[in-house]
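2 protein chains.
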Amino acid sequence: MNNFTFENPTKLIFGKGTIAQLATEIEKERRILICFGGGSAKRNGVYQQVKEALKNHRTWEFWGIEPNPDYDTAMKAVKLARENQIDFLLAVGGGSVIDAVKFIAHAIPYEGDPWELIVDNTLVRRSTPLATVLTLPATGSEMNHRGVLSRRRTLEKVSFITPYSFPRFSILDPEVTYSLPTKQLANGVVDAFMHTMEQYMTYPDHNLLMDRWAEGLLMSLIEIGPQVLLQPHDYDTMANFMLCASMALNGFTGMGVPQDWATHRIGYELTILFGLDHAQTLAVVYPALLRVLKQHKRDKLAQYAERVWGIQFGSTDEKADAAIEKTEAFFQQMGLHTRMSQYGIPAEAVDTIYNRIQARGVSYGENLLVTPQVAREIYQNAL
Amino acid sequence: MNNFTFENPTKLIFGKGTIAQLATEIEKERRILICFGGGSAKRNGVYQQVKEALKNHRTWEFWGIEPNPDYDTAMKAVKLARENQIDFLLAVGGGSVIDAVKFIAHAIPYEGDPWELIVDNTLVRRSTPLATVLTLPATGSEMNHRGVLSRRRTLEKVSFITPYSFPRFSILDPEVTYSLPTKQLANGVVDAFMHTMEQYMTYPDHNLLMDRWAEGLLMSLIEIGPQVLLQPHDYDTMANFMLCASMALNGFTGMGVPQDWATHRIGYELTILFGLDHAQTLAVVYPALLRVLKQHKRDKLAQYAERVWGIQFGSTDEKADAAIEKTEAFFQQMGLHTRMSQYGIPAEAVDTIYNRIQARGVSYGENLLVTPQVAREIYQNAL
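Protein sequences appear in the order of chains A and B. Just so you know, UniProt numbering puts 142 at position 142 of the first sequence, and the rest follows in order with no gaps. Just so you know, UniProt numbering puts 328 at position 328 of the second sequence, and the rest follows in order with no gaps.
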C-alpha cells in the first residue's frame with residue numbers, strides 16, 4: 001500500500017428540509033455572496049428556501065454561472081464580491097457553480113492575476129470561506145478540494161486542487177433533485193461511476209478495503225442508475241444517488257491506491273472543441289480506453305467483472321472483455337452515446353485532438369500509460 | 001434514508017516512516033504533553049522516533065495509562081498538564097491511551113469537576129488540541145470523536161462523544177504494529193469487525209452504499225484477520241488491517257443508517273466486573289445477542305450471509321442461522337472464546353449483571369430492543 005495523507009473537513013448536512021439550517025450554520029455577521037447557475041434554482045424552489053433561511057443575514061446574489069464554468073464569468077463575481085467586501089460564499093447549484101465558487105473564493109483575496117492560481121495551485125495561500133447547497137448530484141465537488149475551470153477565449157479547460165477548496169459545509173436535500181431533467185440525472189450517474197473507476201481500474205495493488213469500497217460504489221450506482229431515471233421523485237432513490245455521487249470523489253476510496261484519470265484529462269478536449277457535456281466525454285472515451293489498454297488493466301478488469309458484474313466463468317481475458325462490454329452497455333442504458341460519431345464528430349477530430357495533446361507534451365494515467373500517441377489510438381477507437 | 005450530519009476533520013497520515021512528520025505537523029511554539037501506556041513504546045522504538053521528531057519542540061511525558069483507562073490516572077495527567085501550561089496533547093498508543101488523552105484534553109480547561117464532562121458531554125465547550133501516533137489498530141479512536149473511560153473506584157465504564165474529541169491528525173505507520181502480541185492483534189480484528197457490525201446488523205433500510213461499505217469492511221477483515229495472526233511482519237497485511245480498523249469507526253459507514261451498539265453497552269459489564277478485554281466481551285456477547293434477536297434481525301442476517309459469507313442456498317431462516325454460526329466461528333478462528341464459562345465466569349453472573357442494567361433503567365439497540373430483561377436472556381444464552 002502506498003503512503004498517503006487523507007483529509008476531508010467538509011461537514012455534510014444530509015436530508016429533507018435541511019436547507020433551513022443555513023440560518024444557523026453561517027455566522028450572523030457574514031457578508032454572503034450567493035452564486036447561482038442559469039435560473040433553475042428559482043423554478044425548483046431552492047432559491048426561495050435559501051433566501052428564507054438567510055433572511056436575517058446580509059446577502060448579495062450573482063447569477064449566470066454556466067455549465068463548464070468560464071473564467072471570465074467567475075471574474076465578474078470576483079469583482080462584485082470585492083466591491084461589497086464579501087467574506088462568505090454560498091454556491092447554490094451543481095458542480096459547475098461549486099467549482100466556479102471555489103475559484104472565486106481563492107481569487108477574491110489574491111493580489112496578482114487570478115489565472116496564476118489555476119496554473120500554480122500552490123499560490124492559493126488564503127481564501128474566502130465557502131459552503132454549498134447542492135442541486136445536482138454528479139461531480140462530488142460539494143465534498144472535495146477539486147475544481148475545473150474553462151477559458152473559452154483560449155480553448156482551455158483545466159482542473160485545480162487545493163485544500164482551500166473544501167467547502168466548510170454542504171447541504172444535500174434529495175428533494176431538490178426531483179425536477180432535474182433526465183439528461184442531467186443520467187450524466188450525474190455516469191460522472192459518479194467514472195470518478196470511482198478512475199480511482200479503481202488500474203492494477204491489483206492489495207488494498208483490500210479501497211477495492212471493496214470502490215466496488216460497493218459501482219454496484220450501488222449500477223443498481224440505482226436505472227431507478228433514478230424511472231422514479232426521480234422517489235426520496236430513497238434520489239437519496240441513495242446523492243450520497244453515492246458525493247462519496248465517489250471525496251477521497252474515501254482513494255487512500256493509498258494507484259489512480260488513472262486519463263479519461264478525464266483527455267476527455268476535456270471533447271468539451272472544449274465540440275461542446276459535449278463532461279459525462280458525455282467520459283462515456284465516449286472510457287470504453288475505448290479500456291479496449292486499448294486491456295492488456296495493462298486485464299487483471300483488475302477481471303476482478304471488476306467478478307465482483308461488480310457477477311461474471312464467474314471464463315478466462316481472465318474473457319472476463320476482461322465482458323467487463324468492458326458491461327461498462328459500455330451501462331452507459332448506453334443510462335441514455336448516453338459511447339461513440340464520437342454518434343455526436344457527429346468527424347474522423348479528422350482524432351488528429352486535431354492528438355496535436356493539442358502532443359503540444360502539451362504530457363502523459364496521463366497510472367504509470368503514465370496514456371502518451372499522446374496512445375491518446376490518439378484511444379480516440380481512433382472511439383470514433 | 002434517515003437525515004444525518006457527517007463530519008470528520010481528522011487528518012490521516014498513513015505509511016512507513018511517517019512519524020517523522022510530527023516535526024512539521026505541530027507548531028514549534030506548542031508545549032506538548034506526550035502520553036503513553038505501559039512502556040511498550042520504548043521497546044518497539046516508537047518512543048525514540050517520536051522524541052527524535054520532536055527534538056526541537058518543548059515536550060513533557062506522562063506514562064502509565066492502563067487498558068480501559070481509569071479516570072484517576074487521567075486526572076494525574078490533567079494535573080501535570082495544568083502545572084506546565086500544556087497546550088497540545090500527543091497520544092502515543094492504542095485506543096486506551098487515545099481515549100484517555102481525549103478526556104484529559106477536555107478536562108484541562110474545565111473549571112468544574114471533570115467527571116461532569118463524562119456525565120454530560122455537552123459541557124465540553126473548549127478543549128486542548130490533540131493528535132495521535134497509533135500503535136495498536138483496534139478501536140478507531142484515532143479518527144473519531146468517541147472515548148470510553150472507566151472509574152474502577154465506583155465500578156463504572158462509560159463512553160463520551162463530543163466533536164472536540166476529533167484528533168487534529170493521526171499518524172498510522174503499519175511498521176509499528178510488528179511487535180504487537182498475538183492476543184492484541186486478534187482483539188483488534190474482532191473490535192474493528194464489531195464496530196462495523198454495530199452500524200450494520202439491524203434491519204434492511206435501503207441505504208445501498210452504507211450496506212456495501214460495511215460489507216466491504218467485514219469481507220476485508222475476514223480475509224485479513226487470519227493473515228494478521230500468521231504474518232504480523234508483512235507490511236501490506238498490517239497496512240490493510242490498520243486502515244480497516246480506522247475506517248470501521250470513523251462515521252464512514254454510519255451515514256443515515258439505524259445502529260445497534262447493544263453489545264458494546266451491555267458488554268462493558270464483563271470488563272468492569274470480571275476484567276475481560278473489550279474485544280473478549282464482544283466475542284462473548286454478540287453471538288448470544290444474535291441468537292436471541294434472530295427474528296428481529298433475520299432479513300439483515302440473511303443479506304449478510306449472502307453478501308459477506310457467500311451463502312447462496314437455503315431459506316432466510318437458514319441463512320440467518322448460518323450467518324450467526326459463521327460469525328461465532330470467525331471469533332474463534334481469531335482465538336477468542338465465545339462463552340462466559342470459558343473465562344470461568346459463573347452462572348450467577350447473569351443475575352448480577354441483570355441487576356446492574358436493571359438499576360440503570362435503560363434499553364439499548366435499534367428500536368431499543370435490548371431491555372434489561374432481554375439483556376438477561378442474552379447473558380443466559382452466552383454462559
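Some hints here could point you the wrong way.
The list cannot tell twin chains apart, which means a pair is met if one copy fits it or any two copies do.
Derived pair list, reagent style SDA-like, types lysine to any residue, alpha-carbon separation capped at 20 Å [said to hold, decoys possible]: (1) K16 - V257; (2) K294 - P114; (3) K16 - T128; (4) K11 - Y164; (5) K16 - F4; (6) K11 - G251; (7) K16 - P258; (8) K16 - H206; (9) K55 - E328; (10) K51 - D70.
Just so you know, these hints were derived from the structure itself, not from any lab. Bear in mind that the values here come from a model prediction, so they are computed numbers and not experimental data.
| query | Can you give the numbers of the hints that this structure goes against, from lowest to highest? | reply | 2, 3, 9, 10
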